[in-house]
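Asker: Each chain is listed here by its residues.
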Amino acid sequence: MPATLVGLIVALVATLAGSNFKGVNPVILVTNVAAILIVCVGALGATMASFELKATTGVFKAILKATLGKDPKPGIETINTLVDFARKARSEGLLALESEMAQLDDPFMKRGLQLAIDGSDPDAVAQVMKTDIKAMKVRHKVAADWCQAYGIFAPTFGIIGAVIGLIATLGKLDKPEQLGHGIAGAFVATFLGVFLANGVMLPLANRMKRLSAQEAQAREMVMEGVLAIQGGQNPRVIEETLMSYLSPSEAGTMRENA
Amino acid sequence: MPATLVGLIVALVATLAGSNFKGVNPVILVTNVAAILIVCVGALGATMASFELKATTGVFKAILKATLGKDPKPGIETINTLVDFARKARSEGLLALESEMAQLDDPFMKRGLQLAIDGSDPDAVAQVMKTDIKAMKVRHKVAADWCQAYGIFAPTFGIIGAVIGLIATLGKLDKPEQLGHGIAGAFVATFLGVFLANGVMLPLANRMKRLSAQEAQAREMVMEGVLAIQGGQNPRVIEETLMSYLSPSEAGTMRENA
Amino acid sequence: MPATLVGLIVALVATLAGSNFKGVNPVILVTNVAAILIVCVGALGATMASFELKATTGVFKAILKATLGKDPKPGIETINTLVDFARKARSEGLLALESEMAQLDDPFMKRGLQLAIDGSDPDAVAQVMKTDIKAMKVRHKVAADWCQAYGIFAPTFGIIGAVIGLIATLGKLDKPEQLGHGIAGAFVATFLGVFLANGVMLPLANRMKRLSAQEAQAREMVMEGVLAIQGGQNPRVIEETLMSYLSPSEAGTMRENA
Amino acid sequence: MPATLVGLIVALVATLAGSNFKGVNPVILVTNVAAILIVCVGALGATMASFELKATTGVFKAILKATLGKDPKPGIETINTLVDFARKARSEGLLALESEMAQLDDPFMKRGLQLAIDGSDPDAVAQVMKTDIKAMKVRHKVAADWCQAYGIFAPTFGIIGAVIGLIATLGKLDKPEQLGHGIAGAFVATFLGVFLANGVMLPLANRMKRLSAQEAQAREMVMEGVLAIQGGQNPRVIEETLMSYLSPSEAGTMRENA
Amino acid sequence: MPATLVGLIVALVATLAGSNFKGVNPVILVTNVAAILIVCVGALGATMASFELKATTGVFKAILKATLGKDPKPGIETINTLVDFARKARSEGLLALESEMAQLDDPFMKRGLQLAIDGSDPDAVAQVMKTDIKAMKVRHKVAADWCQAYGIFAPTFGIIGAVIGLIATLGKLDKPEQLGHGIAGAFVATFLGVFLANGVMLPLANRMKRLSAQEAQAREMVMEGVLAIQGGQNPRVIEETLMSYLSPSEAGTMRENA
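Protein chains in written order, with my numbering: chain A, 72 to 329; chain S, 72 to 329; chain W, 72 to 329; chain P, 72 to 329; chain H, 72 to 329.
Since the hints were made in silico from the structure, they are not lab data. One thing to keep in mind: the hints can contain errors.
All copies of an identical chain are treated as equivalent in the list; a pair is satisfied when it fits inside any one copy or across any two copies.
Claimed, not checked - Straight line, CA to CA, 25 Å or less: simulated SDA-like cross-link-like pairs of lysine to any residue: (1) 280 <-> 124; (2) 280 <-> 202; (3) 141 <-> 123; (4) 208 <-> 312; (5) 208 <-> 285; (6) 125 <-> 318; (7) 205 <-> 322; (8) 141 <-> 77; (9) 125 <-> 80; (10) 136 <-> 169; (11) 246 <-> 192; (12) 125 <-> 195; (13) 205 <-> 84; (14) 243 <-> 291; (15) 141 <-> 80; (16) 132 <-> 323; (17) 205 <-> 294; (18) 132 <-> 307; (19) 243 <-> 91; (20) 212 <-> 312; (21) 132 <-> 327; (22) 136 <-> 324; (23) 208 <-> 219; (24) 132 <-> 324; (25) 181 <-> 319; (26) 280 <-> 129.
If you're wondering where the values come from, they're calculated on a predicted model, not measured in any experiment.
Using the sequences and the hints, build the whole thing.
Answerer: Laid out in structure tokens, this is it:
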């Protein structure tokens, strides 16, 4: 369920509706060219400078995934698959899993099992799978860090925009009828910076970090399962151990169905 | 004792009473529609976007538990149970504990002891119990993180509301009789954001984190006890070790009763 | 030497004296009922809600200890005791220490030595002593965390008080003769919040953390000594190792006296 | 691709263009002598005082590298080299790599392989290579810390400059025609401090940290390869393990070319 | 080279010169008795209360060392000494180093080698040296923490001073000719607090932390050398390992001279 997309829309609509209530036309909050240049483009430049080019070009894909992507596969299904494999491996030997490889659509589990089937050393299998998880976390971290950096820079460029707006206005203290509008204009930059950070970029960064942690945990469960299968452990014990990764309600569902 | 509920009420009543003293009708602080939209709903959207949907739907249960839930069972009772089991296991063997399993109402201790009775490898028992504790911490962390995220977003949406209010007001510098009321209205958003964070959400997040740490510590004590029972350690040494988990006053009470 | 008590008094007196210099009667800074309600009581509520009740009721004892308590026993004395015990244990055996137990007034050292004398496994002695130190740190941390939480909440309730004060004042822009006094009153809440945090609660939290670290280090030294005695190490080597815990000046004093 | 240089220019141009839009001549933002003295030179002094002299004199080289330097060598190339060496070492023995040393232009890989060829103990090779990576990180950290310290000091000196500017202006409240210009001048220091931090120094510090992490990761991959070659591991397994360091797209490219 | 002293002077002179440019007599910034009482003395009280008395009385010595002290001995010299000792120990035995002890002026290296010569267990030597490094870090940390605490308290007492100044001024809104001067006076406290923190105390704290890390690293190098000598390692390998602690330029110099 796209909680992130819904949340971002709620934050935007609530803010603009509140603005309308106050009698401030929402359009003027998002169409001030100077504010957009300083806050949106300025903070983009600072963020871009903080990373290698690939991070900036790749962040849009990550934002799409965070807002529109599907949730990871439920853990119960994965546990069932692993326990089935454990039973088969125990009764017919590890090589019997070879025939299952073709239907398997989780590349991470596939890679680990294939290494086990090929007779690699258990330590080597663990090493490859751990490096894989660590490398995945590093890749995910780039996009989350990018959004967070933008979310940190945006309010500071909002201050820069407000300060410049105030400097522009304070030069005209002798025309008080323009003063109010000038200060109001200066505050639009503040609004843009704070909203871009807290209504868009920081929620995205939070969500990306959570998604990454969840995918890493799912893979750790798979790794623990694959290593247990290779070690020829009791399928019942494997199931018991892997179920610790489930939430109590999921575990309850699973026990009932068992 | 529901310290959290009492504390939240104290913070709210003290703030509204102080407001009344200043001559500000508390009602206007919490009924400004624009401020509520921007601060409460806007920050809710940003928080919701930071998490998977389940975190948002599940947070109310966690808030209820933090405000109304009972304190964890005292450690002395748990230690006595474990030491009794240790004595029985030492004199009659681990299998003798099978008969105790039915009355045991702590599912965590039950699971660990059952694995030990079933003859699982000590390392496997430790592994399952550790994974269990770790998974519990991860689950608890979601709700605490949710409240903390709300507590971080709320003041920033308070700033957004204030800035929008100021923009609305500054356009009317030529009507000074409205100016004061306009700025006062803008500050209501600031009030809401800061109070929602520091008077509600951050205390809740703090409390949830402490509760989680206490439950984890209680389970670590149980784990240490179960593993010591399985290892056939001296019940006297087990008691001595587990008592380190008690506060000095609890340990004193226990020694007196011994 | 009660550096904490002296420091707190210095901070308070300097602030009130400076206030007097500016022509602000210090009495008005600390007798504003609305500010006291919002800042002192409001922040107390938020802090109370962050912890279990026992943390709030027990914090006063910890504050008294931090402000009035004696400094921990100097390390040199403890080292001398341990080295004496090591010599005796080496020449007459561990059991010979039994007779020393009665005069020993450090319950932590006593507990460790008693376990060693009783013939416990060295790993078990280390385990009990480590758990003890860890549990002590956890207990100390509660009071320090409580003061720090108060110190973080206080300035935010100071902002709440100031905002409410400004709302009260801005409704009377048409009575400029009251404006100045109104804003001044609003700032009293800011003063209270910032001073309560930085002049009282955060210094207390810092001090509690340092006291806890010092006590933990003292106990680690005792633990290292007890384990070395149990291991039958050379008293000279034990002395050399334990002296690493002393400051260079203390170690110099000790070497001169040797 | 010099993303950092482009990003810094984008931030600067967008800010100055936005300033122009507001009617503030960009020249006055960067030519206020008092603001430059207080903010740029004052923060430079504070940063310089935070480090040994070598850190300050060496930071310009690091800034040039971060803005103009080339990206690290792609990982695929390095993996291919290592796998070729592994094949040769396996069929002809480690000594056969001696002849390859001359063409090798990566001093880190060269040093590790030479130690392996010379018959050093595998633990010693690992130790030297790890110390090397750790020392490189420490060296890189100095420049990143320097830029970050400047980025933290600059806005605070911006506040100092603004406060001094306000003090200068407020002494002339009786000449309202100068008031606006005075306050505007005071805000130039704020602008300089915030921009110098967020538009220059903090992006540079971020970039330096990322470059360092990337170089460290590249070296860790080389270390893992060298140790595997010395251990006589299967070249196929080495390739598989090292590929975990690649991004999925790079790994895809590599698999296609295989 | 006293980079810290130079940096502190640069920050002070640049700030006062910039102040002069603005037309603010630098003398009034540093001679406001109320501001000095509240900011300098108030923050001193809060800092003092945060530590045991010895930390406050000992901090001046640490400040002198950070501003005037000499840089640590270059690493090359230490490596040469250690490698010479390693050669001698290898050809003539560890006891042959006894005669070198008298000229050795590094007490840390002396202590480690003496233990090795006396035939202590290698683990015991490592233990003593590690405890020594750890204890040194703890001692250094006190002074750095003290300066940092002052640097954190100072701006908050600057806010307290400004708020009190504003309260004093706002009571006289009816005498506008005094208003400007009153607000200007209030801001002097802000200036003092921010400058004392960012122009003095935080740079000192940074510098102390770096000095401590450098001394710790130098000692770790010595420890690694001493343990390698005791272990009878090849002097050439010892040199190679220890050179990883040098910067590339130092290592280059060393290789050229070899």
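Asker: Now, for every hint given, state plainly whether the structure supports it.
Answerer: These are the hints, each one checked on the structure:
| no. | hint | result |
| --- | --- | --- |
| 1 | 280 <-> 124 | both (21 Å within a copy, 15 Å between copies) |
| 2 | 280 <-> 202 | both (19 Å within a copy, 21 Å between copies) |
| 3 | 141 <-> 123 | between (28 Å within a copy, 10 Å between copies) |
| 4 | 208 <-> 312 | both (24 Å within a copy, 16 Å between copies) |
| 5 | 208 <-> 285 | both (10 Å within a copy, 14 Å between copies) |
| 6 | 125 <-> 318 | between (37 Å within a copy, 11 Å between copies) |
| 7 | 205 <-> 322 | between (27 Å within a copy, 15 Å between copies) |
| 8 | 141 <-> 77 | within (14 Å within a copy, 35 Å between copies) |
| 9 | 125 <-> 80 | between (28 Å within a copy, 18 Å between copies) |
| 10 | 136 <-> 169 | neither (33 Å within a copy, 49 Å between copies) |
| 11 | 246 <-> 192 | neither (81 Å within a copy, 81 Å between copies) |
| 12 | 125 <-> 195 | neither (31 Å within a copy, 37 Å between copies) |
| 13 | 205 <-> 84 | neither (38 Å within a copy, 38 Å between copies) |
| 14 | 243 <-> 291 | neither (63 Å within a copy, 60 Å between copies) |
| 15 | 141 <-> 80 | within (18 Å within a copy, 38 Å between copies) |
| 16 | 132 <-> 323 | between (36 Å within a copy, 18 Å between copies) |
| 17 | 205 <-> 294 | both (12 Å within a copy, 17 Å between copies) |
| 18 | 132 <-> 307 | neither (41 Å within a copy, 32 Å between copies) |
| 19 | 243 <-> 91 | between (29 Å within a copy, 16 Å between copies) |
| 20 | 212 <-> 312 | between (29 Å within a copy, 21 Å between copies) |
| 21 | 132 <-> 327 | between (40 Å within a copy, 23 Å between copies) |
| 22 | 136 <-> 324 | between (29 Å within a copy, 22 Å between copies) |
| 23 | 208 <-> 219 | both (16 Å within a copy, 24 Å between copies) |
| 24 | 132 <-> 324 | between (35 Å within a copy, 19 Å between copies) |
| 25 | 181 <-> 319 | between (28 Å within a copy, 15 Å between copies) |
| 26 | 280 <-> 129 | both (16 Å within a copy, 19 Å between copies) |
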